[in-house]
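**Student:** These are the residues of each chain, in order.
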Amino acid sequence: MAISILPPSLPAPRRHAPSDTSDHDMSDGEISGNEEFSHSTTTESIVTPGETITSDTQWMRGHGTYIPANSSTIISTVAGTLHKTNKLLSVQALRARYQPEIGDLVIGRIVSVQTKKWSVDIAAPMLASLPLSAINLPGGILRRRTAVDELNIRTFFSEGDLLVAEVQSLHQDNTASLHTRSLKYGKLRNGLFTSLTGAGGGILSRRGGVVRSRRQVFTLNTAAGEIDVVLGVNGYIWVSKHVETKGEKDAGITKLEETVSETLYSSQNEDLEPGVLKEITRVSTLIKGMVACGTRVDEDMIVRVYEGAIEMQAEEESLGGVEKGIGAKGIVEAVLARLALDG
Amino acid sequence: MAPSQAAHVNLSPAELSFLRATLSQTPPIRLDHTKGPKDFRSMRAEYDVLPSANGSARIALEDGTEALVGVKAEVEKSQWRPTPGGEASIPTVATVATAEVEDTEDDSRGKGQNAWIEMSVEIPGFREDDSLPVFLSSMLTESLLASGELKDRLYINTRFHWKLYIDILLLSPPLSYPLALLSMATHLALLTSRLPALKSEKDEDPLFDDDWDASVPLYPKNKGKASADNQIDKPPVIVLAMAVGNNIIFDPCKEELAVADAVLAIACASSKSSPTGARVVSIRTIDPPSHLTPPGIPDSMNSATGGKVPSSSADALTQRELLANSGVWTPPRGGMKRGLISQVVKMVVENGGVAEEVISALQAIEVG
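In order, the protein sequences belong to chains A and Y. For the first sequence, the UniProt record's numbering begins at 1 and goes up steadily by one. For the second sequence, the UniProt record's numbering begins at 1 and goes up steadily by one.
No lab work stands behind these hints: they were computed from the structure. The beta carbon of each residue, even a glycine, is placed where N, CA and C say it ideally should be. There could be a bad hint or two in this list.
What the hints assert, rightly or not - DSS-like, lysine-lysine: derived pairs with alpha carbons at most 25 Å apart: (1) K254/Y x K163/Y; (2) K163/Y x K278/A; (3) K254/Y x K278/A; (4) K308/Y x K116/A.
To be verified - Some chain Y residues judged to face chain A by a derived CB distance under 7 Å, without partners named: (5) P13; (6) A45; (7) L68; (8) I297.
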């Protein structure tokens with residue numbers, strides 16, 4: 001089947017995020033008698049910007065809401081679902097951009113190169129900046145940044161390059177300042193980039209998205225070799241071949257920089273075997289499928305879905321005709337159904 | 001050569017090199033690894049979405065690209081033009097007589113004019129006179145006009161004709177080159193377009209049946225007998241094919257397009273001679289965005305990785321040539337091999353080929 005054209009469908013039923021249930025304990029029925037409010041007793045109802053949530057004065061406004069001057073009505077400012085925490089009303093946006101926080105591991109793409117810094121797209125409302133002083137320079141961590149480095153700024157990162165970094169500080173206008181002052185961070189190569197929408201972390205647990213508190217860099221064992229997965233909190237994901245850095249074990253603290261710096265700013269891929277290429281693409285496709293299915297994306301889930309997909313493919317090859325839908329979403333749905341059966 | 005979209009590729013050289021490596025495997029590993037080289041992205045389609053249009057369709061791809069097409073027909077006074085092969089300045093008795101001799105079906109043959117179809121393509125973020133919408137609309141119009149059947153069908157009589165306005169709206173930013181999507185949506189809209197039934201005869205002022213149930217489809221359906229000369233005619237559809245090395249990939253997504261050697265847009269319509277298969281209406285090459293990507297800097301030439309910056313640009317070029325097949329991204333040069341073009345065309349038009357599958361899949365939407 002080369003092409004599949006389907007009639008439009010109703011939106012899929014929303015899955016509850018597992019930690020979603022604690023927010024709404026509506027013990028005392030204060031809202032009875034308020035007509036405007038009656039439609040939002042279920043958390044599944046969606047409010048739109050400008051929609052009046054309630055005009056009752058006993059409620060406090062939370063995130064995503066607004067009270068106009070000279071009135072007591074609470075109005076939604078975003079499109080999303082309504083949440084009630086005791087007397088606090090907040091609206092959780094269906095989709096939001098990533099809000100950077102100090103210490104977040106993010107993946108970014110260089111948008112522009114300036115005299116002493118780079119502007120990096122990290123899916124936040126504003127571009128982040130990566131100063132030249134916040135990167136490891138080849139040849140030792142304590143080297144001074146000279147005018148020559150400023151002139152050669154494009155040899156480190158140039159437009160379009162992907163990098164993994166940490167949010168070092170936030171400015172007043174919520175722009176982030178990044179750093180790559182660790183051997184874990186730096187330029188990305190040997191792999192494939194994927195992005196998912198929806199902000200991770202945030203005020204309330206969101207459906208899907210990368211979870212901030214979980215492990216974000218892990219290695220996946222596949223038949224063709226090890227694969228590194230980096231889940232940026234900002235929803236950018238990097239899947240690449242695992243490269244052993246030989247200096248990792250024997251080199252002392254002082255020599256560490258020199259051994260790694262050889263390939264730190266390389267934009268050349270290593271030799272990638274066809275098997276590895278295939279597995280990297282498979283992991284990346286499965287992650288996209290998981291996003292389409294609305295499941296959360298973390299290490300545990302990726303490993304389980306990946307193993308399920310491999311198992312399913314093996315069965316298909318030996319038995320033939322395993323039931324699955326079309327494309328990545330179909331595969332992930334089939335795997336999830338199977339995982340649910342297993343318990 | 002039509003230009004690529006203005007939004008240029010923003011991928012790092014390492015990513016481009018990786019994508020190129022996956023696509024040049026045999027068989028190619030596509031970005032969505034579940035898809036083969038001939039597979040299209042799955043899409044959702046519906047028709048008759050706009051109540052006041054003669055025909056309309058909406059197609060949404062899974063990645064969120066969405067196109068809406070409306071077809072509106074208006075009766076317009078034909079500009080008088082002398083009939084070839086006769087000085088007949090006014091429709092005299094003689095010309096009317098000859099017209100009557102002719103078959104009624106042949107009455108309109110060759111009388112259609114290109115100006116009777118007007119197309120506008122609107123893409124968010126682009127001005128009307130930007131190159132992308134202009135080229136898209138000219139490529140779509142070209143394929144519609146190429147066979148000449150559609151414009152002839154717009155002929156009413158010597159004084160009046162239908163004027164067809166095809167308005168194409170891309171509802172999302174163009175994530176990949178949207179030509180194929182727009183063409184499929186246009187195909188579906190035209191296929192389901194209906195014109196009011198004509199009640200007047202000959203050169204009278206046209207009078208139409210105001211009963212919409214009695215309206216006639218713009219592309220008449222085949223009723224029962226399927227004789228060879230009475231093949232159901234369908235509007236053309238454009239498919240995109242790209243080449244990476246010796247691999248041919250259909251319906252490329254944005255990232256795949258970014259590493260293409262060459263891109264072809266092939267407009268095809270169902271074949272007249274056989275019930276299966278298709279014929280090519282027009283072919284265009286599209287300038288792939290990969291030509292504009294910056295080349296990757298090999299480690300040996302990068303001062304940050306312990307390499308040495310070449311002293312001159314000529315020196316850099318020679319060093320690059322030696323590294324052509326390693327993991328360094330080099331933008332493709334040159335065009336498409338003649339053998340590849342014929343292979344693409346064959347894959348499109350053969351029995352059970354890509355064109356037939358696309359056309360029958362769109363047909364199934366209308367029927368189902």
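**Student:** Run every hint past the structure and note whether it holds.
**Tutor:** Hint check results:
{"no.": "1", "hint": "K254/Y x K163/Y", "verdict": "violated, 35 Å"}
{"no.": "2", "hint": "K163/Y x K278/A", "verdict": "violated, 52 Å"}
{"no.": "3", "hint": "K254/Y x K278/A", "verdict": "holds, 19 Å"}
{"no.": "4", "hint": "K308/Y x K116/A", "verdict": "holds, 23 Å"}
{"no.": "5", "hint": "P13", "verdict": "holds, 5 Å"}
{"no.": "6", "hint": "A45", "verdict": "holds, 5 Å"}
{"no.": "7", "hint": "L68", "verdict": "violated, 12 Å"}
{"no.": "8", "hint": "I297", "verdict": "holds, 6 Å"}
Hints 1, 2 and 7 from the earlier list are contradicted by this structure; the remaining hints agree with it.
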